[in-house]
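Number of protein chains: 2
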Amino acid sequence: IRELAPLVRQSRARKILIDHHLEPESFADLALWDPTAAATAELVFQLIVALGDKALIDVPIAECLYSGLMTDTGSFRHPNTTGNVHRMAAELVDLNIDVSSIHRRIFDNVTIDKFRLLGYVLNEKLRVLPEYKFAYITLTDAELKQYRSKTGDTEGMVNYALAVEGVVMAAILIDRNDEIRISFRSIGNFSVRDLANKHFDGGGHRNASGGRSKLSLAETEQKLLAVLPEYQQLLLETV
Amino acid sequence: IRELAPLVRQSRARKILIDHHLEPESFADLALWDPTAAATAELVFQLIVALGDKALIDVPIAECLYSGLMTDTGSFRHPNTTGNVHRMAAELVDLNIDVSSIHRRIFDNVTIDKFRLLGYVLNEKLRVLPEYKFAYITLTDAELKQYRSKTGDTEGMVNYALAVEGVVMAAILIDRNDEIRISFRSIGNFSVRDLANKHFDGGGHRNASGGRSKLSLAETEQKLLAVLPEYQQLLLETV
Chain H
1 IRELAPLVRQ SRARKILIDH HLEPESFADL ALWDPTAAAT AELVFQLIVA
51 LGDKALIDVP IAECLYSGLM TDTGSFRHPN TTGNVHRMAA ELVDLNIDVS
101 SIHRRIFDNV TIDKFRLLGY VLNEKLRVLP EYKFAYITLT DAELKQYRSK
151 TGDTEGMVNY ALAVEGVVMA AILIDRNDEI RISFRSIGNF SVRDLANKHF
201 DGGGHRNASG GRSKLSLAET EQKLLAVLPE YQQLLLETV
Chain L
240 IRELAPLVRQ SRARKILIDH HLEPESFADL ALWDPTAAAT AELVFQLIVA
290 LGDKALIDVP IAECLYSGLM TDTGSFRHPN TTGNVHRMAA ELVDLNIDVS
340 SIHRRIFDNV TIDKFRLLGY VLNEKLRVLP EYKFAYITLT DAELKQYRSK
390 TGDTEGMVNY ALAVEGVVMA AILIDRNDEI RISFRSIGNF SVRDLANKHF
440 DGGGHRNASG GRSKLSLAET EQKLLAVLPE YQQLLLETV
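Taken in order, these protein sequences are the chains called H and L.
Per our numbering, the very first residue in the first sequence carries number 1; after that it's consecutive.
Per our numbering, the very first residue in the second sequence carries number 240; after that it's consecutive.
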C-alpha cells in the first residue's frame with residue numbers, strides 16, 4: 001500500500017485486505033487473500049456472491065470488476081485465465097456491459113507521440129539475438145525527450161520484443177536519469193525473476209520481472225549481454 | 240467457399256453448411272446457419288453438445304474451437320462477445336488447453352521485417368485529422384518492397400490508426416499494383432460499410448469494411464480526403 005501506509009496505520013477503522021499478490025503487507029483485521037486468484041477483482045466478485053449480494057451488481061460495478069479481471073489476465077490470454085475467470089466474465093457480460101467500449105477506453109486512447117515513439121523503437125531500436133532467443137530494446141533519456149515521452153508511454157513495449165518469432169526472453173532498458181530500469185519478460189519455464197534477482201537487484205514473477213542498475217545505459221546493456229551465456233542452454237531449451 | 244465451389248458442387252456427397260457469416264452460398268443439403276453467433280466455432284460447439292458428444296471433445300478439438308472463438312471475437316473484445324461466448328470458453332479452458340500458448344502461436348510469431356515495417360508506419364506514415372476524428376495510413380509498393388513485406392504483414396495495421404485517442408474512423412490504403420486496396424475501421428454507430436460502398440466499390444460490416452480504387456495511391460488518398468466533409472457531422476457525433 002506504499003505511500004498510503006502511514007495513513008492506513010494511523011486510522012482506527014477496521015481494515016480489510018483483499019488481494020491476490022504474493023506477500024501482501026500486514027495491516028488488516030480481516031483478510032481475503034488468495035494468490036491463486038487471477039485478479040483481486042475475482043476475489044471481490046467472490047466476496048459479493050458469498051455475501052448473497054450478487055443482485056446488487058449494477059452496470060458500473062460490473063464494468064469495474066470486468067476491467068480488473070480483463071487487465072489482470074491480459075484480455076484472457078495469460079496462464080491465469082481459468083474456466084472460473086471466463087464464468088465470471090460471462091456473468092458480468094450478461095449484465096449488458098459494453099466490453100468493446102471498455103477495451104477501447106483502456107487500450108485505445110493512445111497519443112500520437114506514443115505511437116511515434118513505438119514506431120521509432122520497432123523500426124530502429126529492437127535488437128534480436130537468435131543465438132539466445134533473446135530480443136531487447138534500449139531507450140536513452142534523449143530519445144524519450146525527443147518523443148515527448150510521458151509516464152506510461154513505454155509500458156507494454158517489452159511485449160513487442162517478446163512477440164518476435166522464436167524469442168523466449170525479452171527486455172527493455174530505460175535510462176531514468178538516476179538509474180537504469182529494466183523490464184524482463186519470458187515465456188514458459190524460463191525465469192526472468194532469477195536472472196533479475198541475481199544480476200540486476202530485481203524480482204517479480206517468473207515470466208515478468210524488473211531490475212535496476214546504477215551503471216550507464218551502455219554499460220548496463222553490456223552487462224546484460226555478458227550474463228546471457230550463463231543462461232544460453234536454458235534459453236535454447238525453452239519453447 | 241470460393242475456389243472450392245466447383246469441386247463441392249461436383250461431389251455427390253451430402254453437404255452440410257455451418258456458418259455465421261451473412262448471406263452464405265447455397266450448396267448444402269443441411270444448414271446450421273446463425274449470423275448472431277460470434278464465430279462458426281460457436282456453432283460447431285453447439286452442434287457437438289446438441290448431438291450429445293461433448294465428452295468426445297479432447298484437447299486438440301478444444302484448442303481448435305477455442306482458436307476460432309478467440310480470433311473471431313478479437314480476444315473477447317468485440318461487441319459479439321456474449322455471455323455464452325465466455326461460457327463456451329470456460330468449458331474449453333476447463334479441458335486444460337494452454338490459452339497462453341495458443342495466443343502466442345497465433346499472434347506472437349512476428350518477423351522482424353514485419354515489426355520494422357510497422358515501426359516505420361507508426362513513426363512516419365500515420366496521419367491524424369482531428370477535425371474528422373479520422374486517422375489513416377498509406378503504403379506504396381516501394382515501401383512494401385523496402386521492408387520485404389509478405390502477405391499478412393499489413394494485417395491489423397489499420398487497428399493502430401483506430402487506437403489513436405479521439406479517432407472513430409481509420410483507414411489503410413495499400414498499393415497492390417493492379418489496384419489500391421483500402422481497409423476501413425470505425426467504432427460505434429458510424430458505418431464504414433456505407434462510405435466504402437458509396438465511394439470505393441466496397442462493402443463488409445458497419446465497423447470493418449473494405450474498398451478498392453483503380454486510381455493511383457495519391458489520387459485515391461485525395462478522393463478519400465475529399466469525401467470526408469460529407470461525413471464530418473456524423474464522425475464528430477460518434478463517440
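To be clear, the hints were calculated from the coordinates, so they are not data collected in a lab.
Be aware that one or more of the hints could be misleading.
Claimed, not checked - These stretches of chain L come out as covered by chain H in the derived footprint (C-beta under 8 Å, 3 or more residues):
#, segment
1, 257 to 268
2, 276 to 283
3, 287 to 299
4, 332 to 338
5, 349 to 356
6, 359 to 366
Cβ atoms here follow ideal geometry from the backbone N, Cα and C, with glycine treated the same way.
**Request:** Run the structure past the numbered hints and jot down the numbers of the failing ones, going up.
**Result:** 1, 2, 3
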